[in-house]
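Q: Here's the letter readout for the chains.
2 protein chains.
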Amino acid sequence: MSETTPRGPAIILVRPQLAENMGTAARAMLNCGLTDLRIVSPRANPLDDRAIAAASGADKVLLSARVVEHTKDAVADLNRVWATTGRDRYMTKPVYTPREAAGHMRNLDSEGLRTGVLFGPERTGLENDDVALADTVLTVPLNPDYCSLNLAQAVLLIGYEWFQAGVSGSLPAMTKGWRDSGPAPKEKLVHFFEHLERELDECGFLRIADKRPVMVRNIRNMFQRANLTGQEIQTLHGIVHELVTYRHKKGKAESS
Amino acid sequence: MSETTPRGPAIILVRPQLAENMGTAARAMLNCGLTDLRIVSPRANPLDDRAIAAASGADKVLLSARVVEHTKDAVADLNRVWATTGRDRYMTKPVYTPREAAGHMRNLDSEGLRTGVLFGPERTGLENDDVALADTVLTVPLNPDYCSLNLAQAVLLIGYEWFQAGVSGSLPAMTKGWRDSGPAPKEKLVHFFEHLERELDECGFLRIADKRPVMVRNIRNMFQRANLTGQEIQTLHGIVHELVTYRHKKGKAESS
Numbered sequence: 602m603s604e605t606t607p608r609g610p611a612i613i614l615v616r617p618q619l620a621e622n623m624g625t626a627a628r629a630m631l632n633c634g635l636t637d638l639r640i641v642s643p644r645a646n647p648l649d650d651r652a653i654a655a656a657s658g659a660d661k662v663l664l665s666a667r668v669v670e671h672t673k674d675a676v677a678d679l680n681r682v683w684a685t686t687g688r689d690r691y692m693t694k695p696v697y698t699p700r701e702a703a704g705h706m707r708n709l710d711s712e713g714l715r716t717g718v719l720f721g722p723e724r725t726g727l728e729n730d731d732v733a734l735a736d737t738v739l740t741v742p743l744n745p746d747y748c749s750l751n752l753a754q755a756v757l758l759i760g761y762e763w764f765q766a767g768v769s770g771s772l773p774a775m776t777k778g779w780r781d782s783g784p785a786p787k788e789k790l791v792h793f794f795e796h797l798e799r800e801l802d803e804c805g806f807l808r809i810a811d812k813r814p815v816m817v818r819n820i821r822n823m824f825q826r827a828n829l830t831g832q833e834i835q836t837l838h839g840i841v842h843e844l845v846t847y848r849h850k851k852g853k854a855e856s857s
Numbered sequence: 602m603s604e605t606t607p608r609g610p611a612i613i614l615v616r617p618q619l620a621e622n623m624g625t626a627a628r629a630m631l632n633c634g635l636t637d638l639r640i641v642s643p644r645a646n647p648l649d650d651r652a653i654a655a656a657s658g659a660d661k662v663l664l665s666a667r668v669v670e671h672t673k674d675a676v677a678d679l680n681r682v683w684a685t686t687g688r689d690r691y692m693t694k695p696v697y698t699p700r701e702a703a704g705h706m707r708n709l710d711s712e713g714l715r716t717g718v719l720f721g722p723e724r725t726g727l728e729n730d731d732v733a734l735a736d737t738v739l740t741v742p743l744n745p746d747y748c749s750l751n752l753a754q755a756v757l758l759i760g761y762e763w764f765q766a767g768v769s770g771s772l773p774a775m776t777k778g779w780r781d782s783g784p785a786p787k788e789k790l791v792h793f794f795e796h797l798e799r800e801l802d803e804c805g806f807l808r809i810a811d812k813r814p815v816m817v818r819n820i821r822n823m824f825q826r827a828n829l830t831g832q833e834i835q836t837l838h839g840i841v842h843e844l845v846t847y848r849h850k851k852g853k854a855e856s857s
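Heads up: the sequence lines are chains W and Z, in that order. With the first letter of the first sequence counted as 1, position 237 gets the number 838 in this note's numbering; the numbers rise by one all the way through. With the first letter of the second sequence counted as 1, position 175 gets the number 776 in this note's numbering; the numbers rise by one all the way through.
Source of the hints: derived by calculation from the structure; they are not laboratory data. Glycine is no exception: its CB is placed at the ideal position from the N, C-alpha and C atoms. A few of these clues could be false.
Claimed, not checked - Listed next, with one range per pair, are the computed distances between beta-carbon atoms:
| # | chain 1 | residue 1 | chain 2 | residue 2 | range |
| --- | --- | --- | --- | --- | --- |
| 1 | W | 695 | Z | 814 | 26 to 36 Å |
| 2 | Z | 825 | W | 677 | 44 to 54 Å |
| 3 | Z | 670 | W | 724 | 37 to 47 Å |
| 4 | Z | 695 | W | 745 | 25 to 35 Å |
| 5 | W | 821 | Z | 654 | 47 to 57 Å |
One chain only, chain W, in its complex shape:
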């Protein structure tokens, strides 16, 4: 991430219990271009072999993590903080989905303000005193009958939404792998239609005059939907040509 790239939210793990989870959380962060990891009073060593192995190449996030004693130290420099929780806390705070939060984070980022997200210990979640340090609550809408996410997956969903909020203006191309010429100009497609229909007329497939227009339209629509490239149309010309040639050859062989 360069200096000019939006930094995105700090990910703050509060009293995480397992080294593996710190590693997989770091991996999920880097997947989404996030690198600012803060760990409050970890119950295991975040630089433990198991953490590094679980980070699977994202160990630079673990190595640069800031370990602090109290949640208030972890949020000290942040302008806006979300607390992830699935339970009702009987506290009066706005609730955001990850998607809503991501939009706000991008806006705050662009104003030079810093954001962060608190994640609680694996078994118990955040304590109410941690939640009280946040402006807002963040809840992931998921299957109400089975909504427990592991730590790294919760981190991933927040990071994912943050990343998507930045790329939404530049979606990837709807097609890829055009090996040759890209979607063919329609002229080539029509040329193929005419070739095919000529052969279908000749072999008698389109012999019922009443039905011919509708059959031709159906066949054309089928190939239209396939969104063919020039190369593919060449292949289709070849297929039709070969089928006809074989028929002629076969016809000749049978008649000889």
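Assemble the complex: chain W is given as a structure, and chain Z must be docked to it using the hints.
A: For chain Z alone, kept in the frame of chain W given last:
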């Protein structure tokens, strides 16, 4: 999930290598309300103890999984299939993001059509012959410098988007935990403003007449932003009252 709930995409793990990953994928599915798991030629036993442990309560998804030998058997009853891949396959297929795919899945669901998503083996991803069985490619936009997702995380992101596409019309309330009366009617807030301003006038805080209107507005706006409940406003009345009473008591004590 009841019979009338949209079924969502089948999740198809092609030649998965690790039992744990089948378990965590099942867990991610159930998080998102998905239960149709199909496994093509697994390299480990999906009912292995490690898989069941990793499923963390979502073992019913593993127990009902359909294990088949070939990818074509796994997609046989599906109307539309996405293949997850990050690499360019030099094949001409539309590319969808999970969000785009989720919208299509919901539409197809509502027409009674069945959808599915193919996920490749952990190390190598899908083979081109598997991809050729899919209508469309599904690629998750992530950090291009570090985009390897583990299997369960890839499943989670697809399932998450599918789930969100169904709840987007019914976002959770923007606030929660109103312990008492919900956001207070403005009358109560104005009553508090008047109480506060009366005391601020009395103690001299608002003594500069020129600045009074702007100061009052600033103070009012500050409390407006806090989106207070009736109970909280009562608390604020109490705070002001106590501060004033203490001042009076202190004043009396000092003057005595």
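Q: Hints the structure violates: just list their numbers, smallest first.
A: Of the numbered hints, just 2 does not hold.
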